Amino acid sequence: MLTLPLAGKQSQVTFWPDDGSDIRTRPEGRAKAARAARLALDALGYPTAQGCLTIESTIPLGCGYGSSTADVAASIYAIAAAARAQISRTTLCRLAVAAETATDAIAFAGQAVLFAHREGRVLDYLPGDYPPLYVIGFSSSEDKPVDTVDMPPARYTSTEIETFRVLRGHVRHAIAQQDPKSIGRVATASARINQGYLAKRRFDDLVRLAKTAGGLGVQVAHSGNRMGILLDARDNGAADRAESIARAAQREGFTDIIRFAVNADGAPAWVLE
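Per this note's numbering, the very first residue in the sequence shown carries number 242; after that it's consecutive.
No lab work stands behind these hints: they were computed from the structure.
There's no promise every hint is true.
[Unchecked claim] Using C-beta positions, here's what the derived DEER-type ranges look like: (1) 403 - 325: 44 to 54 Å; (2) 400 - 366: 46 to 56 Å; (3) 446 - 259: 49 to 59 Å; (4) 400 - 253: 41 to 51 Å; (5) 283 - 403: 32 to 42 Å; (6) 369 - 289: 41 to 51 Å; (7) 454 - 418: 19 to 29 Å; (8) 433 - 326: 42 to 52 Å; (9) 484 - 262: 47 to 57 Å; (10) 393 - 445: 23 to 33 Å; (11) 455 - 369: 46 to 56 Å; (12) 417 - 289: 46 to 56 Å; (13) 331 - 491: 37 to 47 Å.
[As the list claims (entries may be wrong)] Derived DSBU-like pairs: lysine-lysine, alpha-carbon spacing no greater than 30 Å straight-line: (14) 452 - 422; (15) 250 - 452; (16) 385 - 452; (17) 385 - 250; (18) 250 - 422.
Since the model is a prediction, treat every value here as computed from it, not as a measurement.
Don't be surprised by glycine CBs; every beta carbon is placed ideally from N, CA and C.
With the hints as extra help, turn the sequences into a complete structure.
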């Protein structure tokens, strides 16, 4: 799994130790964050500690933005801060997988890594940053939010596994060469494979919209309902084209439309339509 950074969306967690019963959260119902905090306390040598996590998040839930992983990672860091202890990214990822079954590479911020999301480890540190991109992301009302805990692991065929090996080589080369077109092709190929496991009902409309607008390719959340179109941020008029695609997606009935930039100097971090 590759994770694109989205500036301006975050989860901030504070841990308040007390004499209550186990770990509680405000708002209530953030069970994954509570499990992560419990595991972090145990790992740091505080198995009897209790308390409350206050979670302040600007990330939509269940859409593929990594909301649960952000809550989980922030909760683990909050426990470490309260204990005045360091915690490595390796340990954080291990605890995150134990807390939520599958996680992503949020702990590595904007660093380009290929991440085994159900094992919580880096498969490959890619040779450089993502090339400058615009992403126009949106959802379809036909695809419901997804809870990764309830989602069965994908059982890829031998052919799909071999395809992923090839794509891994392509994405490594694309990042080394700062080649956004290859990034688009890899993302589209991966999205097509994902259609066999967590299908986006309007995938054909997504691909058509990308081709009509001259997009590099399409990307999807492999454990959520988000999808989007990639553009080369270095192209003349890329910002205007991103806005045009957003308007076209709106006319097509897509919702929760957002435009954001990755490594594009001077571009707005994100714009919610």
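Structure-based check of all given hints:
{"no.": "1", "hint": "403 - 325: 44 to 54 Å", "verdict": "holds, 48 Å"}
{"no.": "2", "hint": "400 - 366: 46 to 56 Å", "verdict": "violated, 27 Å"}
{"no.": "3", "hint": "446 - 259: 49 to 59 Å", "verdict": "holds, 50 Å"}
{"no.": "4", "hint": "400 - 253: 41 to 51 Å", "verdict": "holds, 43 Å"}
{"no.": "5", "hint": "283 - 403: 32 to 42 Å", "verdict": "holds, 40 Å"}
{"no.": "6", "hint": "369 - 289: 41 to 51 Å", "verdict": "holds, 46 Å"}
{"no.": "7", "hint": "454 - 418: 19 to 29 Å", "verdict": "holds, 24 Å"}
{"no.": "8", "hint": "433 - 326: 42 to 52 Å", "verdict": "holds, 44 Å"}
{"no.": "9", "hint": "484 - 262: 47 to 57 Å", "verdict": "holds, 51 Å"}
{"no.": "10", "hint": "393 - 445: 23 to 33 Å", "verdict": "holds, 25 Å"}
{"no.": "11", "hint": "455 - 369: 46 to 56 Å", "verdict": "violated, 25 Å"}
{"no.": "12", "hint": "417 - 289: 46 to 56 Å", "verdict": "holds, 49 Å"}
{"no.": "13", "hint": "331 - 491: 37 to 47 Å", "verdict": "holds, 42 Å"}
{"no.": "14", "hint": "452 - 422", "verdict": "holds, 13 Å"}
{"no.": "15", "hint": "250 - 452", "verdict": "holds, 29 Å"}
{"no.": "16", "hint": "385 - 452", "verdict": "holds, 25 Å"}
{"no.": "17", "hint": "385 - 250", "verdict": "holds, 21 Å"}
{"no.": "18", "hint": "250 - 422", "verdict": "holds, 26 Å"}
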